[in-house]
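*Asks:* The residues making up each chain are set out below.
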Amino acid sequence: MKTYETFEHLADIGVRGYGKSLEEAFENGAKAMFSVIAEIDAVKPSDREEVRCEAEDPEMLFVEWLNCLLSAAHLSGKLFCNFKVEIADHKLKGWAWGERLDQERHHVMTEVKAATYSMLKVGREGDVYIAQCVVDV
Amino acid sequence: MELKSLNKISDYVWEIPREGEMRVPGRIFASAELVEDFDDNVVKQIKNVAALPGIQQASMAMPDAHWGYGFPIGGVAAFDPEEGGIISMGGIGFDISCGVRTMRTGMRREEIEPYIGKLVDRLFALVPAGVGSEGKIRLNQSQIDEVLVGGAQWAVSQGYGYKEDLRYIEEGGVMGGADPAQVSDTAKKRQFREVGTLGSGNQYLEIQYVAEVYDEKIAGELGLFRDDVVISVHCGSRALGHQIGTDYLKTLAEASRRYNIPVHERELVCAPINSPEGRRYFSAVCAGINCALANRQVIAHLVREAFSDVIPRARISMLYDVSHNTCKVEEHPVGSKIKRLFIHRKGATRAFGPGRKEIPEEYRSTGQPVLIGGTMGTCSYILVGTESGMTQAFGSACHGAGRALSRTQAKKRWRGDALLKELGARGIIIRTHSYSGAAEEAPGAYKDVTAVVDATHNAGLAKKVVMVKPMACIKG
Chain X
1 MKTYETFEHL ADIGVRGYGK SLEEAFENGA KAMFSVIAEI DAVKPSDREE VRCEAEDPEM
61 LFVEWLNCLL SAAHLSGKLF CNFKVEIADH KLKGWAWGER LDQERHHVMT EVKAATYSML
121 KVGREGDVYI AQCVVDV
Chain G
1 MELKSLNKIS DYVWEIPREG EMRVPGRIFA SAELVEDFDD NVVKQIKNVA ALPGIQQASM
61 AMPDAHWGYG FPIGGVAAFD PEEGGIISMG GIGFDISCGV RTMRTGMRRE EIEPYIGKLV
121 DRLFALVPAG VGSEGKIRLN QSQIDEVLVG GAQWAVSQGY GYKEDLRYIE EGGVMGGADP
181 AQVSDTAKKR QFREVGTLGS GNQYLEIQYV AEVYDEKIAG ELGLFRDDVV ISVHCGSRAL
241 GHQIGTDYLK TLAEASRRYN IPVHERELVC APINSPEGRR YFSAVCAGIN CALANRQVIA
301 HLVREAFSDV IPRARISMLY DVSHNTCKVE EHPVGSKIKR LFIHRKGATR AFGPGRKEIP
361 EEYRSTGQPV LIGGTMGTCS YILVGTESGM TQAFGSACHG AGRALSRTQA KKRWRGDALL
421 KELGARGIII RTHSYSGAAE EAPGAYKDVT AVVDATHNAG LAKKVVMVKP MACIKG
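Sequence order for the protein chains is X and G.
For the first sequence, my numbering gives the first residue as 1, with consecutive numbering after it.
For the second sequence, my numbering gives the first residue as 1, with consecutive numbering after it.
Keep in mind that the hints were calculated from the coordinates and are not lab data.
What you are looking at is a predicted structure, and each value in this text was computed from that prediction instead of being measured.
One or more hints might be untrue.
Partial list, computed: chain G residues near chain X (C-beta under 8 Å) [to be verified]: (1) Tyr-69; (2) Thr-186; (3) His-242; (4) Gln-243; (5) Thr-246; (6) Arg-266; (7) Arg-407; (8) Thr-408; (9) Glu-440.
Heads up, simulated DSS-like pairs for lysine-lysine below, C-alpha to C-alpha not over 30 Å straight-line [claimed, not checked]: (10) Lys-78(X) - Lys-250(G); (11) Lys-411(G) - Lys-2(X); (12) Lys-189(G) - Lys-250(G); (13) Lys-44(G) - Lys-121(X); (14) Lys-250(G) - Lys-93(X); (15) Lys-447(G) - Lys-47(G); (16) Lys-44(G) - Lys-447(G); (17) Lys-84(X) - Lys-250(G); (18) Lys-469(G) - Lys-421(G); (19) Lys-44(X) - Lys-412(G); (20) Lys-411(G) - Lys-447(G); (21) Lys-217(G) - Lys-163(G); (22) Lys-31(X) - Lys-411(G); (23) Lys-93(X) - Lys-189(G); (24) Lys-412(G) - Lys-78(X); (25) Lys-2(X) - Lys-20(X).
Output of the computed footprint for chain X on chain G, the stretches with three or more beta carbons under 8 Å from beta carbons of chain X [as the list claims (entries may be wrong)]: (26) 127–135; (27) 196–207.
Virtual Cβ for every residue (Gly too), placed ideally from N, Cα, C.
Input sequences plus hints: build the corresponding full structure.
*Replies:* And the structure:
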């Protein structure tokens with residue numbers, strides 16, 4: 001089963017994560033977003049950053065999570081490739097592993113300006129949790 | 001979308017009649033062919049904007065309109081604070097004050113050609129571009145506040161460019177009403193090393209020559225003649241602007257609920273202009289605009305440095321600097337009254353006609369230069385604002401070509417290295433940090449900018465003056 005993917009949007013691009021739990025869908029959604037920025041397979045998970053955020057519903061929380069990661073990556077000058085999420089009471093505690101961005105080695109493609117509410121969907125289809133939204137590039 | 005759902009006002013103006021919650025009609029400025037190509041979501045978004053409190057005259061879409069976030073990209077709407085008017089995140093977006101600056105070089109195409117390779121290499125070395133690039137300027141907390149208040153004026157005070165440059169920037173290079181206290185520490189920190197960087201995606205720096213002149217008299221007054229070389233820079237407020245957008249998305253979502261504003265799409269979130277949240281957001285947006293103006297001013301300085309290294313006799317002078325994603329306070333006649341309105345332009349250019357006090361004296365008889373970016377393989381246009389654009393669309397025009405293919409499709413269809421070779425064979429040099437990013441920006445992935453500009457001209461929103469073609473382009 002694929003764990004993450006991007007989907008088409010005319011001006012920008014959609015990111016989608018799948019998982020056996022909401023947390024895993026969030027983790028894989030983050031992978032999808034960073035796969036838009038660079039080749040995440042080339043990123044080594046050597047450093048860890050922690051982010052915390054909260055929102056009133058799971059959909060807003062997904063956007064919040066992605067936007068917190070964008071800020072954390074930018075402020076630390078890093079790219080992330082692995083993620084871990086814990087969610088309780090609309091509060092998210094997350095960790096991201098990665099390393100300093102290297103334009104050449106990571107085959108960096110494009111910046112993501114923000115995760116947006118467009119085509120935002122967080123939910124469950126059968127046994128699979130899905131978290132998705134469009135990111136503005 | 002289907003034309004028959006619209007009322008035809010003229011060959012280039014279409015009306016979406018008022019229905020349901022719409023407070024004003026919708027108005028699309030485009031040719032029949034362009035309208036037929038519009039996504040149905042554009043019409044939905046025009047209608048949603050028309051339902052917002054305090055909207056004046058019409059919810060408008062420019063010829064390059066496409067599906068956006070809340071507002072369509074290419075959406076224009078004016079709100080009156082005295083009638084409960086709002087300020088909306090959807091009408092400004094995440095890339096606050098992204099815009100185009102065009103500068104003359106005082107040189108002709110044949111004079112530049114022998115140096116073009118060296119010049120592009122020097123520009124590519126001096127202007128930081130691409131993901132993760134950092135500028136030479138390092139700022140701290142108090143210095144960033146000065147940028148947010150001072151805009152391009154701050155840059156000039158630091159030695160980046162000349163005082164004379166400021167006259168040819170909207171608002172004289174500094175947006176009043178900016179309050180750094182309304183910008184989060186995260187947003188500020190993200191900008192500490194970003195001032196003077198180009199960015200990635202559709203941002204660029206291009207060396208262009210005047211290939212066609214449509215109105216010699218006005219072109220002459222703008223100091224543009226056939227085969228003149230100009231430099232255009234397309235970029236915005238960088239990470240600081242993105243973070244302001246992200247931060248206020250939450251603030252405004254709460255405000256929309258608190259003030260019972262009908263928001264039919266989450267990204268339309270807004271607050272009354274005369275509310276604490278509305279005032280805070282507006283002050284933050286003004287700070288974001290100043291960040292973009294400072295950014296383009298520093299890049300202009302780097303362009304001058306590159307030229308003085310390679311062709312010292314070039315004289316780089318400002319033509320004009322326009323912003324696309326803004327909310328600005330402007331006076332416009334509505335009915336028999338002159339109103340002070342908050343004009344949202346999302347992916348649209350201010351295009352003031354002759355006589356407006358906001359434009360520099362030299363251009364007051366011609367109208368404001370309107371700089372429309374095309375693609376790295378086709379062409380761009382310079383127009384001027386018109387009287388008819390003032391009455392029809394609060395002095396607004398299109399901003400670019402608009403995408404025809406998604407980034408994913410573009411990457412499937414073109415390979416970056418092959419594309420660059422093909423453009424090279426046509427005499428256009430491209431420098432990029434990402435082949436894949438370049439493939440996403442392939443000229444064929446965009447709509448025909450000429451059709452968009454012709455519709456803008458024919459609708460009377462702005463008047464075509466010259467067309468410029470690329471000689472070289474730097475992409476992030």
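*Asks:* Now tell me if each hint is right for this structure.
*Replies:* Going through the hints against the structure:
no.: 1; hint: Tyr-69; in the structure: holds (5 Å)
no.: 2; hint: Thr-186; in the structure: holds (5 Å)
no.: 3; hint: His-242; in the structure: holds (4 Å)
no.: 4; hint: Gln-243; in the structure: holds (7 Å)
no.: 5; hint: Thr-246; in the structure: holds (5 Å)
no.: 6; hint: Arg-266; in the structure: holds (4 Å)
no.: 7; hint: Arg-407; in the structure: holds (5 Å)
no.: 8; hint: Thr-408; in the structure: holds (5 Å)
no.: 9; hint: Glu-440; in the structure: holds (7 Å)
no.: 10; hint: Lys-78(X) - Lys-250(G); in the structure: holds (25 Å)
no.: 11; hint: Lys-411(G) - Lys-2(X); in the structure: holds (21 Å)
no.: 12; hint: Lys-189(G) - Lys-250(G); in the structure: holds (20 Å)
no.: 13; hint: Lys-44(G) - Lys-121(X); in the structure: holds (20 Å)
no.: 14; hint: Lys-250(G) - Lys-93(X); in the structure: holds (19 Å)
no.: 15; hint: Lys-447(G) - Lys-47(G); in the structure: holds (24 Å)
no.: 16; hint: Lys-44(G) - Lys-447(G); in the structure: holds (21 Å)
no.: 17; hint: Lys-84(X) - Lys-250(G); in the structure: holds (24 Å)
no.: 18; hint: Lys-469(G) - Lys-421(G); in the structure: holds (18 Å)
no.: 19; hint: Lys-44(X) - Lys-412(G); in the structure: holds (27 Å)
no.: 20; hint: Lys-411(G) - Lys-447(G); in the structure: holds (16 Å)
no.: 21; hint: Lys-217(G) - Lys-163(G); in the structure: holds (28 Å)
no.: 22; hint: Lys-31(X) - Lys-411(G); in the structure: holds (20 Å)
no.: 23; hint: Lys-93(X) - Lys-189(G); in the structure: holds (22 Å)
no.: 24; hint: Lys-412(G) - Lys-78(X); in the structure: holds (28 Å)
no.: 25; hint: Lys-2(X) - Lys-20(X); in the structure: holds (12 Å)
no.: 26; hint: 127–135; in the structure: holds (count 4)
no.: 27; hint: 196–207; in the structure: holds (count 3)
In terms of the numbered hints stated before, the structure departs from none.
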